[in-house]
Amino acid sequence: MSSKPRISIVGYGRVGLPLGKTLKAKGYDVTGTVTSAEKRDTLMAEGLDAHILSFDPQPQGDLTAALEADVLVITIPPSMRAPQDYPAILENLANAAADSGIKKVLFVATTSVYPQTGDEVREEDATHEASPFLGFSWLPLEETFTGRDEFATTVVRFSGLMGGGINPGMYFAGRELKGANDPVNMIHVDDCVGVITAIIEQDVWGEAFNASADEHPLKREFYTKACESAGMPAPVFSDDPSPYRIVNCDKLKQRLGYVFKHPDPLAGLDS
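Going by the UniProt record's numbering, the sequence shown runs without a break in its numbering and finishes at 271.
None of these hints come from the bench; they were simulated from the model.
Do not take every clue at face value.
What the hints assert, rightly or not - Derived pair list, reagent style DMTMM-like, types lysine to aspartate or glutamate, alpha-carbon separation capped at 20 Å:
id, residue 1, residue 2
1, Lys103, Asp41
2, Lys21, Asp41
3, Lys178, Asp119
4, Lys253, Glu207
5, Lys39, Asp49
6, Lys178, Glu221
7, Lys26, Asp49
Generate the whole structure from the sequences, applying the supplied hints.
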């Protein structure tokens, strides 16, 4: 029986940290990165190996230690302060991974790679259309890794995050929202961890997967409940149309046999 691969998680954040704890509990040799000595010391005290690493967009910190692994999981999102640096950060990380000898990379991406056509979208529907939130396309960011010959990359495209202390209502409390009757695409952090773990355990590389809860509640009902459960004012909804997409996850469920822990985002708000 072969030994478990060593895992390095770049970004012990909302997804990366619970992922690291889950993999460690399963017997994997796991390390990860944080941006401060305080965070590192806290995690080390809890028994989770961690290194300090940040990007500006050049790597600052212990990148060498972060790349001492068989599988590299990249969970760092664009910075709110400098999103324009994100492509360069990923390029620097891909170059370093190629030089390190790492053979397997998992890149956490987003379903924002799909156009908002009002239709169902599958993995092959990704386009180079710019995200309205970032001003650039996600597909070239994925290709920063999938286009390399030095390692095999699997991309996981997550929908909007919820659970694990994340309340999606905080972004829209009291605000006016169009498209009250449009479906939403969400995924619980528990399922983010579950999907990535399944990919690593089943050794599935060179693929792209959508990851979004089975159910797509209406924007009005989802964000009203999200805000109310957090004691925040509900959004003011308008029935005016708003662009949307419906994320299809058939490939994920068929290829990995994955069953969502939180298939209904409305019920997931209670967990």
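Between Lys178 and Glu221, is the straight-line Cα distance small enough, at 20 Å or below?
-> holds (13 Å)
Starting from Lys253, check that the Cα of Glu207 is at most 20 Å away, please.
-> Given that 20 Å is the threshold and the Cα spacing comes to 13 Å, the pair holds.
Keeping to a limit of 20 Å between CA atoms, is the pair of Lys178 and Asp119 held or broken?
-> It holds: about 18 Å lies between the C-alpha atoms, which stays within 20 Å.
Taking 20 Å as the top limit, are the C-alpha atoms of Lys26 and Asp49 close enough?
-> Answer holds: Lys26 to Asp49 is near 15 Å, not above 20 Å.
Given the hint that Lys39 pairs with Asp49, does the C-alpha gap stay at or below 20 Å?
-> Status holds; Cα separation ~11 Å.
Is Lys103 within 20 Å of Asp41, Cα to Cα?
-> violated (29 Å)
Are the Cα atoms of Lys21 and Asp41 separated by 20 Å or less?
-> holds (15 Å)
Going down the numbered hints, you'll see the structure goes against just number 1.
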